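Colleague: The lines below spell out each chain.
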Amino acid sequence: MGWLSSIDVLSWIVFLPTFGALAILLLPSAAKRAIQRVAFGAALLAFALNLWVYLVPFDRTKGAMQLVTEANWIPGFDIFYRVGVDGISLPLLLLNTLLFVCAVPASFTIEKGVKGYFALFLLLETGVSGVFVSLDFFLFYVFWEVMLLPMYFLIGVWGGPRREYAAIKFFLYTLVGSVLMLVALVAVYLDAQPHTFSIPKLQELAQRGALDGRHLLENGILLGLPFQTWLFAFLFIGFAIKVPVFPFHTWLPDAHVEAPTPISVILAGILLKLGGYGMLRINFPLAPQAFHDAGTFLAVLGVINIVYGAFVAMAQTDFKKLVAYSSVSHMGYMLLGFAACTTWSVNGAMLQMLTHGVSSAMLFLIVGVVYDRAHHREIAKFGGLSQRMPLYFGLSTLGIFTSLGLPGLAGFVSEAMALAGSYERFPTFVMISVIGVVITAAFFLWTIQRVFLGPLNEKYATLPDISAREVVSQAPLAVLCVALGIFPVIVLNWQGPAIAEFLRLLAR
Amino acid sequence: MSLGAYLAVAAALFVLGLAMMIARRNLIYILMGIELILNAANLNFVAFSRHAANAGTEVALRGQVFALIVILLAVAEAAVALAIVLHVFRLFDSIRPEDPDLLRE
Amino acid sequence: MPPGFGHADLLRLAAIPLLPLVAFFVQTLLGRFGPRKGDWIPVLALGIAAVLGVVEFGKVIIQKPWDPAFRAEWPGLFDWIPGAAGAKASFGILYDNLSATMTAAVGLVAFLIHLFSVGYMHGDRRYASFFAHLSLFSFGMLGLVLSDNFVSFFVCWEVMGLCSYLLIGHFSEKPSAAAACKKAFLTTRIGDVCLFLGIAILWTRLGTFRFTELWEAVPRVLAENGGAYPGWLVAAGLLIFGGAVGKSAQFPLHVWLPDAMEGPTPVSAMIHAATMVAAGVFLTARAFLFLSPEARLVVALVGSFTAIFAATIGICQTDIKRVLAYSTVSQLGYMIAGIGVGGIAAGLFHMITHATFKACLFLGSGSVIHAVHTQEMPQMGGLRRRMPITYGTMLVSTLAIAGVPLFAGFYSKDAILGSVLAHAMERRSLVDALPAIFLFVAAGMTAFYMFRLLILTFHGAPRDRHAFEHAHESPPVMTIPLFILAFFALSGGWLFGRSWFLQLGKGLPGMVEPTGHAAEVEHEAHGLALGGSLLAAGLGILLAFAFYQWKKLSAAAWAQRWGAVHRCVKNKYYVDEFYLATVVPLVLGLTAVQRWFDVRIVDGLVDGAGALGRLGAAISGWFDRWVVDGAVNLVGWLTQLWGGVARLFQTGRIQTYVAFGVAGAVAAAALVLMA
Amino acid sequence: MPSTYAEDLARILPETVLALGACAALVADLLWRGRETRRVGWIALASIAASLLALLRQDPAPAIAFGMVTVDGFGALFKVFVAATLAVVVLFAASAREMPRHGAGEFYFLLLSAGVGAFFLVSTTNLLLLVLSLETLGLASYVLAGFAKGDRRSAEAALKYLVFGAAATGVMLFGLSILFGLTGTLEAREMAGILAGKAADPATGIALDRFRAAGPAVAIAVVLALVGFGYKVSAVPFHWWAPDVYEGAPTPVTTFLAVASKGAAFGALLRFGAALLPPGGGEGATAFSGKLGHLLALLSALTMTFGNLAAVRQNNLKRLLAYSSIAHAGYTLMGVAAMNPAGFEASVFYLFAYYFMNLGAFGAVIYYARSTGNEDIGSLRGLGWRAPFVSVCVVVFLISLVGIPPSIGFFGKYYLFMAAWDSGLGWLTVVAAANAVVSLFYYFRIAKALYLVPESEAVAYHRPVPALAALLGLLTVGTVGLGLFPKSILAACAESVRLIF
Amino acid sequence: MERIAFALFAAVALGGGLVALFHRSIVHSAFALMATFLGVSGLFVLLGADFLAVVQLLIYVGGILVLILFGLMLTRPDPAERKVRRVAFVLTAVAVPAALLVGKIAAAGRWAAEEGKLPEPQPAARELGLLFLLKDAYLIPFELAAFLLTVALVGAVYLARQTPPPPPPEEPR
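Residue numbers (our numbering), protein chains in the order written: chain A, 1 to 508; chain B, 1 to 105; chain C, 1 to 675; chain D, 1 to 501; chain E, 1 to 173.
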């Protein structure tokens with residue numbers, strides 16, 4: 001327990017929500033207001049701390065890990081409580097804490113088991129934050145898994161009609177992924193000389209080519225394939241499920257559609273990013289050789305995600321499902337950007353995670369607004385909502401145009417950087433990917449047309465416009481949609497040195 | 001006689017006991033089978049004991065002690081087994097081993 | 001940096017696009033709460049911008065009179081995407097003759113359209129946001145013409161796409177408007193991604209986004225490649241042109257423009273005159289250097305075909321705004337074709353003149369629609385007496401577009417026709433001659449349909465008495481812009497136009513001054529073109545009058561007075577009959593075919609991207625359901641099967657258990673013994 | 001140094017106390033004419049506590065009492081394990097639905113007697129004592145399984161347990177007899193040297209590497225002996241009895257069988273394994289150890305796979321837990337298959353993990369069965385909302401059973417994976433990992449029934465017995481707390497395993 | 001002489017076992033089992049374990065077999081049991097020779113170096129008894145065996161005792 005005394009600001013960010021959850025558990029179930037306030041306060045406090053870290057103590061000129069805290073956790077097993085941030089994790093951490101703040105007001109509509117809901121909700125935040133700050137592979141894994149259960153219940157208990165199916169599907173998929181990761185974790189640990197879980201140390205080892213499985217397998221070969229390939233494959237599948245990469249994506253639409261609005265927000269906004277973050281932090285640097293060999297393969301997957309996701313999204317009749325599939329498409333840019341592995345493409349891919357985090361979160365909130373009022377999400381059954389809900393229409397338009405990559409808004413910068421940066425290595429794939437760009441525009445505009453434009457559906461003539469509470473949820477995201485589009489430097493400057501470091505690790 | 005001969009007899013008894021447990025349709029047979037198996041083991045122990053006859057009293061008698069204890073054990077087991085069989089018979093009104101099959105997949 | 005241009009100019013120039021942008025934000029957030037719903041904010045901003053644009057333009061003319069090489073550049077004003085030296089993307093200003101001209105023209109036209117809208121949109125439900133969007137639209141175009149690199153160019157380009165979407169869909173409760181705005185955005189977006197790819201190629205190969213650096217790099221590349229364009233550059237050039245095809249509504253991506261009429265009339269004016277469509281032409285001019293000779297021919301062919309293609313359609317439209325729309329498409333074809341054959345200056349010149357008279361025409365038609373509340377020409381007629389100002393200004397503009405001498409359109413169209421003719425005469429092949437043929441025919445048609453419009457609307461007897469009775473002249477806020485625009489339509493050609501653009505053209509990258517034989521040919525061609533264009537325009541106008549104004553009787557009189565056109569006189573009735581019996585069906589038929597093509601194939605491709613998408617999506621959905629989910633379910637099913645196997649073993653019979661146990665032991669022993 | 005009689009007696013004090021406690025419970029019940037069930041329970045609990053106290057106050061130095069009872073840290077650890085289970089079982093028995101009204105004296109007597117057997121089982125390397133303790137544990141367990149006298153299922157369970165157990169011990173005895181014949185000694189520690197040819201056979205005075213000279217005989221003997229252990233820990237293919245018996249026996253008894261009996265059997269297996277095949281035992285021994293390791297690895301893989309797959313279909317909570325406990329035996333075997341100290345440590349640690357999560361699960365079953373009147377998963381519909389405390393605890397246990405951090409089950413699995421892979425059983429790690437996924441299928445059916453399904457009005461809410469609730473809370477805290485900070489248990493495991501090698 | 005005795009006793013033991021296994025009547029089987037016990041007892045004598053032989057006679061024949069017969073009487077034999085399963089034949093036909101073979105192989109490995117006659121037996125009955133009194137020898141097994149018998153007794157009594165029909169189990173509603 002010695003490490004508790006040396007707890008630092010990052011740990012506070014991670015564990016503040018846990019304390020919030022504990023406080024909520026101590027409150028009586030009937031005190032809904034109090035519970036909501038505690039949840040909001042905990043999330044807000046974590047965000048404020050995080051923002052402070054982002055602005056004040058973090059030195060953005062450095063690519064190395066900062067604010068590192070290390071404490072021996074399980075002695076004898078080389079397991080450490082090791083946290084720190086760099087330019088890759090810090091923006092994602094900030095996005096995470098922000099989204100949780102936004103999701104709290106959106107959760108006020110929850111009626112059933114409020115206490116349990118918010119406790120799990122805050123627990124989830126701890127899990128996600130923990131993943132972002134972990135510098136120890138074991139700790140990373142622990143936090144990774146901590147997310148699993150709250151998510152299962154949040155979908156399964158507070159979700160839509162098919163929630164059981166969606167929850168178990170989500171759980172199963174992610175568990176498969178994490179089990180593969182666990183196997184890789186054990187293998188990496190045993191192969192590293194000296195044994196260690198420290199991610200930076202493992203990265204250095206891998207970069208030197210020392211993580212080749214020779215301590216674990218004969219000649220580092222298993223069934224004719226080198227250890228690095230196995231390692232890469234196991235980790236990649238583990239993370240790809242989270243992203244989700246085709247063909248591991250089918251859990252996503254189900255989970256999204258069934259999850260309550262705030263959970264969809266978290267799911268799309270931040271949980272998908274964990275996959276990408278894991279690739280960036282662990283998967284690629286730990287198996288650089290295999291990563292280079294698999295570059296084209298990854299790019300193909302990325303392109304499939306982009307185009308396929310967009311086409312499937314177009315076929316959806318459910319607003320939420322459409323947004324869900326658009327996420328599949330958007331994460332394809334990220335994968336493509338990673339695969340190309342140039343400064344621009346990786347920067348773009350990273351930024352894509354953030355911008356998609358903002359825009360998809362906003363879109364889910366938008367869907368939630370209309371669902372709360374009309375109690376369905378069939379696109380075809382709406383129409384002309386812009387006449388009754390002009391403010392809502394404005395926010396929706398902003399979110400949708402951000403998502404379809406309009407210059408000046410957040411989505412464009414990242415997509416453009418990812419695509420332009422990837423062109424150098426994968427010209428053909430980029431050419432194919434732009435089909436996805438067009439289709440994305442097509443289905444989003446078509447959605448706007450059917451939901452907001454055209455003659456008003458008289459059934460919804462009395463719908464009230466978006467409420468103050470809902471605006472509070474969406475406003476920060478809306479601001480970010482614009483701010484990130486015009487001043488992407490507020491992230492790019494932070495992540496740049498860290499990505500340079502990442503590229504150095506991957507240099508052949 | 002050679003040791004091998006005793007061992008062979010013991011092995012044969014062991015197999016007969018097993019066969020009796022598996023093949024006969026009466027719980028009593030199963031009890032008999034158990035006794036056969038225990039007897040086979042005992043025969044082994046005593047034969048080995050004899051085999052070490054020249055190695056001093058304690059060593060030479062180890063097997064016999066074991067056999068003695070096993071006999072005691074057989075008694076205890078037989079008692080409990082019979083009690084259970086009777087108990088089952090009372091509840092199921094059958095002595096066939098396949099009749100109690102409430103518990104199955 | 002040319003002498004005399006300094007920090008103050010930078011501030012003024014930066015203010016030109018930024019004022020409308022600020023106005024947009026202010027108007028969006030606060031406009032509706034302000035007096036007059038804040039309409040004065042964008043108007044004021046645009047007014048200042050226009051003044052600044054004109055002032056700076058004047059400074060260029062005065063301080064650096066007729067210097068083709070004038071170029072002032074302020075790169076890296078705002079680092080957008082940081083990165084290694086050349087790889088970064090930043091916003092900057094490139095102010096040369098071209099952007100100076102464009103800034104002034106766009107600013108002015110946009111300001112007038114704003115002004116006009118104050119009257120036209122009065123009482124609209126979304127009055128406030130309309131002005132906000134209009135303002136953003138202006139920002140897009142002004143920013144675009146001042147961009148010093150492809151990134152900021154593209155950003156503004158897309159911002160215009162968004163604004164066109166918002167503005168065309170202004171009457172969103174109309175399903176047709178809702179569909180039209182989507183169509184506009186999508187169609188142009190197809191072009192946009194081409195442009196994006198083109199930019200990406202250039203950036204990947206040459207490492208920069210800045211125009212000046214790219215222009216310097218291209219000759220280097222050509223030198224390295226033995227003077228020929230390498231494949232990637234050809235591709236990049238064509239892709240960039242693809243962007244122009246979308247924005248400038250060239251065949252086959254022209255379909256959005258006529259539908260864009262669903263928006264309010266000022267928006268149409270904005271799109272057709274000052275912004276959107278001009279952006280494509282501007283882009284083609286900026287990117288001319290990246291176009292290989294073959295690519296330029298493609299450009300010329302696309303442009304000229306679009307010109308004639310749209311003109312034929314324009315002939316048989318009855319909706320006043322649709323006629324104008326097809327006319328725009330057609331005129332854009334002129335510009336593009338002109339640039340394609342190397343007459344960049346001519347194309348740009350036409351763009352500017354066209355901006356003035358087309359804006360005037362649209363605002364005029366808006367005024368008419370405002371008055372009679374219909375867009376169908378057959379229900380109008382005789383409005384001349386009710387709306388004299390509108391009539392007068394529109395007449396001037398029609399004369400200009402028809403190419404009547406002394407009016408602006410005459411000079412610019414003539415320049416283009418000269419260029420294409422020179423091109424044809426120099427190359428002497430059918431393919432190279434096609435642009436010339438198309439454009440001359442189209443010139444005649446232009447005159448014809450424009451006068452047809454004018455006559456049907458303003459001349460003759462009123463066909464709808466009720467509408468006529470209620471029609472009245474528009475308020476000054478609407479007519480003043482008309483006056484101003486008409487003034488330019490009248491004077492744009494000779495006031496500063498022709499010679500200025502000739503000078504301007506010399507400074508454009510990729511421009512080659514014809515020398516020797518080529519120069520002679522060019523001179524000759526321009527002479528021929530003058531006659532040809534006059535002839536075409538005259539014929540068109542005459543035919544129009546013959547058919548619509550004088551009817552048959554008047555047609556005879558016309559034949560007598562103009563003996564020079566003997567053949568036409570002689571075949572007076574015959575032409576009439578021929579027109580009725582053959583040309584009309586032919587033209588109608590042709591139009592029908594084109595319409596069909598338009599609707600079925602092109603529209604089908606664009607709108608039907610949805611259908612295609614749905615088909616693909618249905619297949620994907622199927623795949624999703626059966627293959628991907630199937631795999632998961634298979635696992636579950638296999639697990640269940642395993643459970644069944646387990647049940648087979650777990651019989652509930654104790655003796656079986658013992659037997660299995662013994663078997664297991666034997667197997668285990670065997671394994672250890674064998675190993 | 002020979003120890004005195006008194007010292008030796010003191011060394012077996014925990015066992016003695018327990019045995020006396022058993023008798024006391026029996027006599028007390030007779031005296032109270034079966035009317036003071038609760039008090040008898042207190043007597044049992046008190047004797048367990050006394051035994052634990054004696055255990056904890058024992059001289060930590062390893063020693064051998066009466067020539068065959070090894071008293072050391074390893075044994076103590078397992079005795080604590082068994083005693084702690086016994087205590088929990090006593091508590092369970094107080095709240096279980098299916099316990100008969102009469103016979104509390106016999107029940108506690110038999111339970112504690114089984115505990116005595118388990119105590120001896122984990123503290124000897126002597127074959128004779130092994131057989132005797134195994135039988136003491138076994139016979140008491142047979143009767144306990146059939147303890148619900150009016151219940152046919154209970155009787156059937158007793159019968160099946162008896163028949164399979166008797167057969168398995170018989171087979172084992174036969175194997176042990178051969179082992180004895182091969183070495184002339186009953187002490188496994190001595191056997192190791194004789195088999196490896198490092199010490200002379202006491203019978204013949206000849207030293208011979210019997211792993212090589214008598215390979216098949218050794219192999220058969222060891223495999224036959226393994227049958228006995230395999231049956232006791234319910235490893236495939238000697239597990240057949242387990243699902244039926246676990247389902248049919250009263251739940252407290254099932255708990256005892258699944259946790260204490262299995263744990264003690266694992267303790268004995270580890271002790272004998274370490275004694276018989278110590279590292280560096282010579283060429284033949286190493287080769288044999290390798291073979292045996294592979295056999296165990298195979299059994300481990302089969303066991304966990306079979307257990308998990310079969311559990312997927314179950315609708316009865318107890319039966320589901322039975323299969324799950326088979327699967328967990330498979331996991332535990334991973335460490336044994338590694339055949340090295342690290343692996344054994346992992347196994348011991350996993351047993352502790354198993355203790356917390358499985359006892360918790362059984363406790364919940366007892367509570368739910370009282371509320372719903374049966375043990376079907378389907379009848380748990382929405383009970384999570386009515387019985388929040390117990391259900392939250394259950395979810396924690398389920399997490400741990402699946403092996404999701406932060407729980408002791410996760411760390412246990414992780415440790416096993418590492419140990420297995422480190423001794424060249426990478427494939428087993430992969431199999432185990434896949435199994436973890438399969439196990440999710442059925443464990444979370446429980447969570448689903450508790451929370452995801454709409455509530456069923458038919459189920460009345462019973463406040464859990466305070467003792468049971470406190471116990472579940474304690475186990476939950478242990479499951480999470482020790483999962484996060486396993487340091488203390490890890491140290492104990494390492495220390496104890498060091499003692500037996 | 002020893003050979004003949006061995007053959008006789010072995011034959012009695014195995015023959016008894018075979019008859020017990022295959023005879024249709026369970027009563028006959030029980031008596032055949034007695035023969036086996038006697039045979040094994042004889043083998044014990046041959047091996048020099050006289051005391052054990054006596055114990056075998058007393059306990060097996062006098063105790064266990066009687067118990068089994070009691071069991072027979074207390075239960076009702078099943079008429080279907082008259083048919084002996086073919087399984088048993090197959091098992092025996094395959095397994096007994098296999099077991100003999102394996103026993104032989106096993107023996108050969110271990111005792112190859114010293115195959116031959118067994119050493120002379122030592123008079124051991126007294127020592128056997130004394131062994132149990134040595135502290136370091138068999139004190140604990142002896143005690144534990146006693147305890148085991150108690151456990152068996154209590155258990156058997158509990159199950160066999162005819163309790164008044166138990167009250168219906170309390171079913172919380």
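Just so you know, the hints here were simulated from the structure itself, not pulled from any lab data.
Keep in mind that the hints are not guaranteed to be accurate.
Unchecked claim - Straight-line Cα separation of at most 35 Å, DSBU-like style, residue types lysine-lysine; simulated pairs:
1. C/K59 x A/K381
2. A/K201 x C/K59
3. D/K487 x A/K201
4. C/K59 x C/K88
5. A/K62 x C/K37
6. A/K459 x C/K174
On a predicted model such as this, the values are computed, not experimentally measured, just so you know.
Colleague: Taking the hints in turn, state whether each one holds.
Modeller: Now the hints, each set against the structure:
As the CA atoms of C/K59 and A/K381 are separated by approximately 58 Å, the hinted pair breaks the 35 Å bound. Of the pairs offered as hints, the one joining A/K201 and C/K59 is violated, with about 63 Å between alpha carbons and a cut-off of 35 Å exceeded. The hinted pair formed by D/K487 and A/K201 meets the criterion: a straight-line CA distance of about 24 Å does not exceed 35 Å. With a C-alpha separation of about 32 Å, the suggested pair C/K59 and C/K88 falls inside the 35 Å cut-off, and the hint holds.
Between A/K62 and C/K37, the direct Cα distance comes to roughly 50 Å. Violation of the 35 Å bound is thereby established for this hinted pair. The suggested pairing of A/K459 with C/K174 holds, with an alpha-carbon distance near 18 Å, which does not exceed 35 Å.
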